[in-house]
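Participant: Please build the complete structure, drawing on both the sequences and the hints.
Chains as they are written, first to last, in the numbering used here: chain A, 1 to 796; chain B, 797 to 1001; chain C, 1002 to 1471.
Source of the hints: derived by calculation from the structure; they are not laboratory data.
In this text, a Cβ means the ideal position worked out from N, Cα and C, and glycines have one as well.
Incorrect hints may have been included.
[Stated by the list, open to error] Partner residues are not named here, just some residues of chain A that face chain C (Cβ under 7 Å, in silico): (1) R65; (2) L110; (3) A113.
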Amino acid sequence: MTTTESNDLEVPAVVPDPNAVSVVINGKQFTARKGDLIIKAAEDAGAYIPRFCYHERMSPVGMCRMCLVEVDTGRGPALMPSCMFPVAPGMVVSTESPVAKAAQEGIIELLLANHPLDCPVCDKGGECPLQDQSFSHGPGESRYIEEKRHYEKPIPISDLVFLDRERCILCDRCTRFADEVAGDALIHFTSRGNTTQVNTFPDEPFSSYFSGNTVQICPVGALTAKPYRFKARPWDLQEAESTCTTCSVGCRTAVQSSRDEVLRYQGVDSDPVNWGWLCDKGRFGFESIASDDRLTTPLVRTAEGHQATSWNSASASAAQLITEAIAAGGASSIAVLGGARGSNEDAFAWARLAHDVIGTSNVSAQLADGLPVGVLGLNRATIDQAASATTIILLAPDLKEELPVLYLRLRDAAVKHRSRIIEFAPKASGLTRYAWRTVFYEPGSQADAVGAALAQDDIGAQLAKGDVVIVVGRANLAESSAPTIAALQALTTALPGAAVLPALRRGNVMGAIGVGMRPGKGGLDSRGILNAAADGKIECLILVGADPLADVPDADLARRALAGARRLIAVDTFINQSSKLADVVFPAAAYAEKAGTTTNIEGRVTTLAHKVTVTGTSRPDWMIAADLALRLGTDLGFTNIDDVTAAIAANVDGFESMTAEALAASPNGVLCVPVAVEPVIAPAVVLADRNAYDFRLVVSRKLYDQAIGTATSPSLATLATGGAVYVHPLDIARVGSAIGASVKVSTSKATIVLPLAADDAVQRGSAWIPFNQHGANPGDLIDAAAAVTDVRIESL
Amino acid sequence: MSRLSEDNVRIAQEIIGRYPRARSATIPLLHLAQQQDGYVTNEAIRHIGELVGATSAEVLGTATFYEMFKFEPVGKYLVNICRTMSCALMGGDELMHHAEHTLGIKAGSTTPDGLITLEHAECQAACTEAPTLQVNYRYRFRVTPETFDALIEDLRAGRLDSEIPPHGTVARIRQRIPADRGVGAVAPEDVTTAPAWMPAPEAAK
Amino acid sequence: MTGTTYSHVPGYVAGDRPQIVTSRFQYDDSYTLERAVATDGYAGLRAALGRSATEVHDEVKTATVLGRGGAGFPAGTKWGLTPQAVWPRYLVVNGDESEPGTYKDRLLMERDPHQLIEGCLIACYAAGLSQCFLYIRGEMALAQERVAAALNEAYAAGYVGNNILGSDFSVDIVLHWGAGAYVVGEETALIESLEGNRGMPRLKPPFFPAAIGLYGKPTIVNNVETLANLPWLMRNGAAAYTAIGSATSPGTRMVAVSGHVKRPGVYEIINGTTTFRDLLYNDEFCGGIRDDNELKAFVPGGGSAPWFLPDQLDLPFEGRLIGAAGSMAGSGAVMVMDHTTDIPKAALTLTRFYAHESCGKCTPCREGGTWLMRILDRVVAGQGTARDLDQLLEVGATICPGDFPHASSERLGIAAVPFPYKMTTICFVGPSAYTPVHSALTLFRDEFEAKLLKRTFIPVTGIHEPAVAQ
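Facilitator: Right, dumping it as structure tokens:
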């Protein structure tokens, strides 16, 4: 570099960007970012370097050698793997020099040497990086005439994934993903050298919740997903970008369809949210869209049971039921539960219908398994904030089971040493092994546990080090939300600067609450609605994609509520336990069958793609609401989905920024957090005396359960483990029964029978029953009015 | 009897305790398992995974990388005949032919009585004494057809029992660090300062 | 012949030369603490502890103790590459000796484990290394037993562990052993293996072990022989050390000469000045080619080294000169082929070795090495075509693009191409599979051509008989 000395004093001091690195790529000057790998900088500069093992979201391994380019750092050009070297000032990179091209062609030839080239029968053909880069960067023909390696053709490595080791090019992407990203190192390289292969340990399948990602990132057709195998060719697929609503993390997806049928979801790399990853439940749940069990027409109850009917007559009947109910008990005798499974627009239209047209305040998007609405008004954290916070406090359910991709992000924060996790939990969770401290508390006593922890010097010092994000949710359905709220209050009082990320799991629960599916002034919350219905005070109960019999923890309450409600209207995609009882059932359009927006736990509003035609005559929920409103005498003024979206932006507190333009401009969405929400008030927690013989019950969800979307996706349906009561191995003797034997689990309310199992994740003195599994329903044991649930476990 | 025995778990814990991270003990523990059972069983792999905090797949991945680990029963004596350059120059191939003939088996297989497994080996680091072989990793140098046959006779007759332990045992002497002498392994993240004997500011140089 | 052999050290040949690392080999109890202490054992450690760590480090730097593992990097300089003020730092001793033709570390471990332990302690003291892992090749049962016994003795006697010799110097030496994988001799693979993983080399710059090594901490990886030099150096000083050998390669080094010589053996030679002719023909060393045959070729520095011809006999065993002549001094192993050697078959034994030992990480090595072996196998079996010979070089070029080093030959009228080669792999295993192919084809192409497919009967032969009658 030369400097002109004479000008040094006159030139105003320009502060050079400390992060800018000037390099030459293929003869052109380019300013890269400090720390960028050459492969990334070159791509930014428009020079794509072929690659197989390199993946932006995983650490470089330099394994495939495909990305060799010539780099001159002042000592002459040398071949270097561009995925391993960061840019340095003055570096001269040639990605297409004769030497680089020869190296790249050589690698392609070597990779193809033992590759079976069975592209015509390979699912990956047409979207295969090996195929594509063989054309773009390969020599065109092979000189390899030796016998190729042979392995048994695809072997199942899990219930969802097949592995063809002949196609595998040993890039370490799947194995790295399993270890580095998912933390489930269940697939690994075995053997050595030319006979290296990827495999599982015998009888220990790759049963990771994230296994589908390996299929997506496999650069060849070695890994294929059972639900998609031989279903379509990539060139026949059409895709639209959308957001997964299986849970509330809001992972961005590409919904891909062929012949008007959704055939695959692929993760889309949304930097603030999912980094391209999806959980298997989200990825493979598409099967339920085309399920034969989908509702196709409206149903009305007659003496003979449900009869198919026309929309006209169903709407008229429903309007009639509502009108009758108002006449019988006034508007406040009507209650609406649900909205969390649909779009913001669906929820908004239903909120308008309930609050403004019908005039009831008894509206709730939760099912007595959530948190008080006030939690939404707390200083809201983003996922990025949580995953970069100095300290993450978990006061939440097992995120690996309920919000799997949030688990990935927080796990990443912990293993990359960005954050320390302090976990408060009634039993060990997926994040326990990554937590800096885990405080196990006896259900109900979390506020005490928090108080004691905050008084510890080392925890205090850690919390003082930097920013804190609290992830809060219901870790235990067998206790009320009160103890959790009390613990949260203790935390937010001690840490006023902390931000809060609510871990509510239903797909659009945040959006539904945010746009109005919440109690109005003086209105009942979900538990209040259920209690009122059980007491015969609800003339008409409307379920908008809600199934209280499956989801309300207190099963007895749910049964009494549905029996007590005089009129029942349901909007759903399936006939489920609750909609089976309804007087009128409207078939709702499912995911990918309707457009709109959804809101994730952060308050991030993103778009949903309308990709395939609706099933049967089903309609989006918002249309059903608009239709009912019209029949009840009010025109909501919506003629299409854009009208509803615009109405939300125009009218809803905190959602002003979710305009069509803003959403179109930002695929990662816009943040919409309601401001004017009633504050959270910590209720008093009254714990009854505990009988020493009893176990304190923990009931929580696992990723795979009997939920309708899982049960109607054949690939996922078999993955639910089934019910059992788990105690600590050292408590088995106390039960006086053997592992696997059926035992009675009882409270004063009920007795259920379940097999006994041991799990050291469960704390001594407590018992854990997974919720909504095959077999007896632990909800029978739960009393929504009690703070905690104690059970007795006895041999039959 | 395939998980590590109680005695071996004690040895395993002692070995693990020497490393700042338990995973480092994986290979020594695999040797311990092979010493116990003559080969590495799946149950042992699982057990080692539990002991060092790795998945079975990870331990299997490590184990299968290294040739000394066998995953199926082998003979009491593993006879490895070197075939790399120096031994080949001095008749290693011929020695293998002879061995196959004498034992009546091909390289890579075990005699019907289960006594001897014959294998090709790569360089055994005794190149000046070619051709060489190892029986359970005990050397025999400048092996001729005659000395090979005599060796097999001796093995069959049990005359080498004191010198050559059964397959699985490599070193018969273990390191023992006396409790009062050992410094002890410390997790790397728990060491933040220079060792006591180092001159204080290193930058002083 | 003037070389002395000891029946208790098969392979080792002593002579009237300075002995820096093998002086105790003469005793049949050389591996005991008693013998060590009776023969200056741990005197070097005492000398080191009497000085500051910095002084000891400087002494090693001044002596220019070159690494004896293969790369020949000065140990003192290597120790200085650790980043300032990052702790802990570890020492990993590379005793995974498996380079074809090489064995000296095995003898040093079997015959004088206390010298090695003392060397480890000196290194730890000088470079502030707080724990030492002594990684011994899995197949070396005797070495493992001798080192384990020696460590047990040394701990008991206060030479290792807490407050060594009453000082504030405390270090554990942990015996670790492998399980059969050549590539683990590569220092980053050695670290992976020591962490309990598959021994696959790690990415290179900017992640040198000295900066980011074992458990992500600064780590010095030194070869057994390198460390074995330190006790003598500490006792006698850098001046005495550099007085032996050449200016660029001071001291002595252990060299194993195997193959077709009259007296194959491991010799401690004067570094940098002893020529290959001395080694192969002097009575002090090998005493000539077996049966007074003609020398055809020799591998000068372990199986990874390009081959030399009789043309190179007068080169001294000195890293830079060998490099300039187209090969490398490597691990100190000379393999000698006389005129009866079937060159393609000899090349096959080495290529097969490296193909077999590929870890499988880099594509060119994993696929290319095996491809080379398959072609060579076919050629050796008389089933090759002329295309196969070109193919060998083309496949090799994908592992090592550009000019490949080789020796000069008066007979062929070719000049030397100096070391090193370019490579598309992380470590040297892949290129090493190509090295014998390239050397053999470049220097003896006629022998390959003689084997090409003629659809004629080819008798099954041993390696040292010409396969086809000329």
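Participant: Now tell me if each hint is right for this structure.
Facilitator: The hints, checked one at a time:
1. R65: Because about 5 Å separates R65 of chain A from the closest Cβ in chain C, which is inside the 7 Å limit, the hint holds.
2. L110: holds, 4 Å
3. A113: Status holds, d = 5 Å.
The structure agrees with every numbered hint stated previously.
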